[in-house]
Amino acid sequence: MTYQSEKHIVHGGDYNPDQWFRTPEIWDEDMRLMKLAHINSATVGIFAWALLEPSEGEYNFGWLDTVMDKLHENGVDAILATPSGARPAWLAQKYPEVLRVREDGVRNEFGVRHNHCPTSPVYREKVRNINRLLAARYKNHPALKMWHVSNEYSGECHCGLCQQAFRSWLKKEYGNDLEALNARWWNGFWSHTYTDWDQIVSPKYRSDLEVPALRLAWRRFVSDSHIDFYKNELVPLREITPEVPVTTNFMRMYDGIDYQKFARETDLVSWDNYPAWEKGDNPGVAAETAFVHDAFRSMKGGQPFYMMESTPSIVNHHPVNKLPRPGLQELAAVQAVAHGADSVQYFQWRKCRGGHEKYHGAVVDHCGHEHNRVFQEVAHTGQMLEKLAAAAGTRCTADAAILYDWEYDWAIKGFCGFNTLRRDYLAECLRWHRPLWDRGICTDVISMDDDFSGYRLIIAPFLYMLKDGAEEKIRR
Amino acid sequence: MTYQSEKHIVHGGDYNPDQWFRTPEIWDEDMRLMKLAHINSATVGIFAWALLEPSEGEYNFGWLDTVMDKLHENGVDAILATPSGARPAWLAQKYPEVLRVREDGVRNEFGVRHNHCPTSPVYREKVRNINRLLAARYKNHPALKMWHVSNEYSGECHCGLCQQAFRSWLKKEYGNDLEALNARWWNGFWSHTYTDWDQIVSPKYRSDLEVPALRLAWRRFVSDSHIDFYKNELVPLREITPEVPVTTNFMRMYDGIDYQKFARETDLVSWDNYPAWEKGDNPGVAAETAFVHDAFRSMKGGQPFYMMESTPSIVNHHPVNKLPRPGLQELAAVQAVAHGADSVQYFQWRKCRGGHEKYHGAVVDHCGHEHNRVFQEVAHTGQMLEKLAAAAGTRCTADAAILYDWEYDWAIKGFCGFNTLRRDYLAECLRWHRPLWDRGICTDVISMDDDFSGYRLIIAPFLYMLKDGAEEKIRR
Amino acid sequence: MTYQSEKHIVHGGDYNPDQWFRTPEIWDEDMRLMKLAHINSATVGIFAWALLEPSEGEYNFGWLDTVMDKLHENGVDAILATPSGARPAWLAQKYPEVLRVREDGVRNEFGVRHNHCPTSPVYREKVRNINRLLAARYKNHPALKMWHVSNEYSGECHCGLCQQAFRSWLKKEYGNDLEALNARWWNGFWSHTYTDWDQIVSPKYRSDLEVPALRLAWRRFVSDSHIDFYKNELVPLREITPEVPVTTNFMRMYDGIDYQKFARETDLVSWDNYPAWEKGDNPGVAAETAFVHDAFRSMKGGQPFYMMESTPSIVNHHPVNKLPRPGLQELAAVQAVAHGADSVQYFQWRKCRGGHEKYHGAVVDHCGHEHNRVFQEVAHTGQMLEKLAAAAGTRCTADAAILYDWEYDWAIKGFCGFNTLRRDYLAECLRWHRPLWDRGICTDVISMDDDFSGYRLIIAPFLYMLKDGAEEKIRR
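Protein chains in written order, with our numbering: chain A, 633 to 1108; chain B, 633 to 1108; chain C, 633 to 1108.
These aren't lab readings, by the way, just hints derived from the structure by calculation. All figures in this text were calculated on a predicted structure; none of them were measured in a lab. Careful, some of the hints might be misleading.
[As the list claims (entries may be wrong)] Below, simulated DMTMM-like cross-link-like pairs (lysine to aspartate or glutamate); rule was C-alpha separation at most 25 Å, straight line: (1) A:Lys983 to B:Asp1041; (2) B:Lys954 to C:Asp1041; (3) A:Lys954 to B:Asp997; (4) C:Lys836 to A:Asp1041; (5) A:Lys803 to C:Glu741; (6) B:Lys726 to C:Asp1041; (7) C:Lys990 to A:Asp1031; (8) B:Lys1045 to C:Asp1056; (9) B:Lys954 to C:Glu842; (10) B:Lys990 to C:Glu741; (11) B:Lys954 to B:Asp997; (12) A:Lys990 to B:Asp1100; (13) B:Lys954 to C:Asp1056.
[Said to hold, decoys possible] Covered by chain A, according to a simulated footprint, are these stretches of chain B (three or more residues, beta-carbon under 8 Å): (14) 796-810; (15) 842-850; (16) 1048-1062.
Every residue gets a Cβ at the ideal spot worked out from N, C-alpha and C, and that includes glycine.
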């Protein structure tokens, strides 16, 4: 389906009322504060599986019904998440296959977030089931505006199921022709010729990190396995709510997934923006952020995207987490919209009282009230965005483009030789993007598979390999 | 029982005659040299289990009888160790459960020292047995002055037995109420809600290092498990030798065990002092050492403590191990006594001819004679301490105190966010202690559980959390 | 047998026609280019096992017949390799015991090169078999000049078979007397006394890295296990081709194998020379290289050695891989000959089109023709070496010697204490070699087992221990 922009800029963020289910009176306070902060959207349910399904087959949607109703009553739209980003403890306990196996060949234990095997049939089935129940329950809820599928897919799994899936993927890629694979991978080198598909194992320190073609194939497979997992999540959503647009939140230029390929499977692109302002080089950080905005805008041909997360104050995962100077948060919001974003969203609405992110910034701090700089800046940004409502859905046209292709990044990272200390594809692309940004020239960031015809200038840094047909496109 | 100071300052150290059991004539030479060095105490048997019990149930105490007799005949008191710090190879071979399991889930093999599972019923039984035999045999020996239980407890074990023990510990801590644990740990975050105690596993890279409350609970449990192991060692000692005081040697401000809690289970506190003189900043190193002396003195309300180990020359575990300048060793001895120590003891009496510590300093070097600077300095220190005999058992009274609490250290290390590069609780406490030390103000180092009433000044750096009742104490 | 020098300097290198078996027409182009490059030797078959034996017991020697014939027809001698350096995938799949077990106790999976257990009876049998077939087939081939056994032996294995082999090795070393081992290793320390040979395990992070004598014994065993593996390879070669000299290529002063001991089992010594010119300190790098040349020349009493590998341009395994300045490659060739080498050989003849070393320099670059600097420099070097033919087989006599002994290096690396930051045996030996090199004084690099009598000066840096008889030799 095609995403239709709202008539306003979306202003919201991650809202985790499930963490306060023991004190629901705070939900009313949330509504009061959202109004004050000019919030019009809330992303709910991202990590709520344990509360939605406290034990296998036992469901608890009452709290979410209440929250959805409250949001709607208070003029706040809901972006509803599927909860696959973190599984309940009972699920990991009963079906260990849903957890990942590391490079060392040993399965993880319960814990952290992104820790699921993307191949596991059990996990896929359990995810489809909870997604189906969510879609069926809220398909007609007036608050429901969009699906936020899972959260920041990432990582990889080396379990036996994934090894088999990798072999199947390779068979398809090489037309079931092992000799063709041997020839293209140059497996005569170091006696690496395979004579049986089962001899192929994922590249890791215990097997082999020194076969560039194997590493590249594995990166492609891992990326595809996340996309395939996502498509499995979509099955009930498309079936039950065909008119609700679907997105998943990307992480900057994260190198584990080919976002350009993934973007094609979404209705709109969204990403989580955490600039490292604490580096001190504000123009440099702003230019990097501009590059990423440009990249996500370009992934769907200039269609508006969402800035699904950003911090209203500090983060917790940088080495030093400093509060940005007054006004910087608002400037970053305007930058997003100027680059084509239809939203300014925060992680998180209310700071958690415990857990790993208890010191990650939020609109509502531990103090719980609105009387501080961060809250007031968010409210001010909300007012400002209301004035910019006309910008929603607009597009910008670029004359210039930087060629950035995930597969190049993987290939460049995967070989041995030359200058290993300064072989950084992204840094090189940023270096070429910067002068255009300095001059205010609107620039797309495109892949080798995109249409080259509309640009007056295409810069292709570190053009390491050419995909089929690319040479001809460049010559034209 | 209450520890009664000797009428003199104890001057001695670790004595390992078991390493020379093949050449017992060297024991007589030891006696001659101890006299020359003004030694009046020797700590024996610390790692002697393999010689005491060469195979399961076969005992060999003859050599220790001889050594104990020789010590007494030569006016040297014995501090007798329990040998649990290192198990014999046969014990590890026959009962692998006595060895630790690492974070990766795999059990260690035989080797090194502190490598025992503190939960293992087999190891606890074997330790009680050898301790019982030692106590029974030497209870009336005139040389026996004190028990030195094990050696520098440290580390942790992740085996199945320890996982079960951790769950039992948690059940007790949370009144068997899993919902209370979920609420206090804020487990709604990232769907971490437990529905079965067996879902809880120790925090490690393979499970989860991102739950601050789990990490803090694990630190408390590990600390308690060492204390509990120690109390198991005490059973036969208290029963058979109720009048012999008991200590165990602590390691500076080692963060793996809450020494303030552990100290309550000892008759007197002792610690191993290895200042990093090679840093070059002698005043800084001396100030740090003063802080640690103050901390150990404060743990039992100002009662004299023992400096159980210190090097008479170099150590072997610093990056660069330099011989201190002439006189520095004696100065360090006086510093200990001035801060409330009743002893000046060395590791080690005679330098080993092999093994990991063959280049660790000793009173008697590889040359084997008394004609060198180190030996002469030790002898001179011994004479000096004889003149200071009146200082034994004296106490100093502090008007100022620094609040240092092991649980704060754990909590501060366990969260994510803010400035991760300069979040060092101990360094912060040292920074506040230094000006008091520079001015010669006697300062205690106390925990949140101690009595605050006697001080004119209490400095509480990095006051990260308040235990029950603490707020009221501070206000008073 | 005794190695007889050729009447010319050998000029050649690693030639891997097996990587181009799908396009054998390139082999004729190779012959044309070898003539242009003044190449007179080619090392073939190093990693060709998968092509020679595509499945168990199925052999394919046709391609090698053709290559051997072509070489001979074109006046190029063949140095034939045994292929044990990399096993076929089917072999690893069918017999997992041929793969190594790491320190963590888990067996590797298929991949990389040097990944075989040196103890595995299966692997030893399979290697003898393929070696026997190679020897039988080419024993009378006129191109065959020398055996190149395996490739750059290295690493270690901690599998059960190796643990048993280690214990057998120790039993032999200590006359089956465990008490003697306990006494010499000073195992009374930390209760490390063994009462059963099976209690002994290889030193590793999971067992014990803190027993210097165990570490030294393990290093000796590992070194011997490689030599023993090599001797197993030799069985069919000596039997079938007693007149063909045998070598294996060493790696600089690689510390995992006692090359001085290994050299005695070879007919001539050869080594792979990859100076780190990119460091910028050309005289320093040249001096280091001179030391290594001197060491390998001295291993067989001054007999000429081969420089079996060197790069004609860049390598791929340094952090920064820069093309040396014009002429430097030729200078390095002359340096080798001047220090006693009978050969100047390259890795590799033709740059691979894929695999880990696709960007490692070669005589023939990816462009495939002779019209570039690297190729022309190689050709020029070839011409120059033809003029130096009279130097083949000549010897130099040294008045000075540096004592460098692998066992000292192991012992020095294996203890704890003193200055751990600057304890580098090789660096210390280089420091003493440098002034002699600066003055053009021909210097041998000898072991403690060598004859000391012919030298006017012997420098013995860091003389950490004395082997039996050494003291007397030094006094004489």
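Comparing the hints with the structure gives:
1. A:Lys983 to B:Asp1041: Measuring from Cα to Cα gives roughly 23 Å; hence the hint holds.
2. B:Lys954 to C:Asp1041: Distance of about 22 Å is within 25 Å: holds.
3. A:Lys954 to B:Asp997: 54 Å, violated
4. C:Lys836 to A:Asp1041: Judged against 25 Å, a Cα distance of about 37 Å means the pair is violated.
5. A:Lys803 to C:Glu741: 21 Å, holds
6. B:Lys726 to C:Asp1041: 36 Å, violated
7. C:Lys990 to A:Asp1031: Violated - the C-alpha atoms of Asp1031 of chain A and Lys990 of chain C are around 38 Å apart, more than 25 Å.
8. B:Lys1045 to C:Asp1056: Given that 25 Å is the threshold and the Cα spacing comes to 36 Å, the pair is violated.
9. B:Lys954 to C:Glu842: 21 Å, holds
10. B:Lys990 to C:Glu741: Violated: Lys990 of chain B and Glu741 of chain C sit about 40 Å apart, past 25 Å.
11. B:Lys954 to B:Asp997: 15 Å, holds
12. A:Lys990 to B:Asp1100: 22 Å, holds
13. B:Lys954 to C:Asp1056: 18 Å, holds
14. 796-810: violated (count 0)
15. 842-850: Since 4 is at least three, the answer is holds.
16. 1048-1062: holds (count 6)
When each numbered hint is compared with the structure, violations occur for hints 3, 4, 6, 7, 8, 10, 14.
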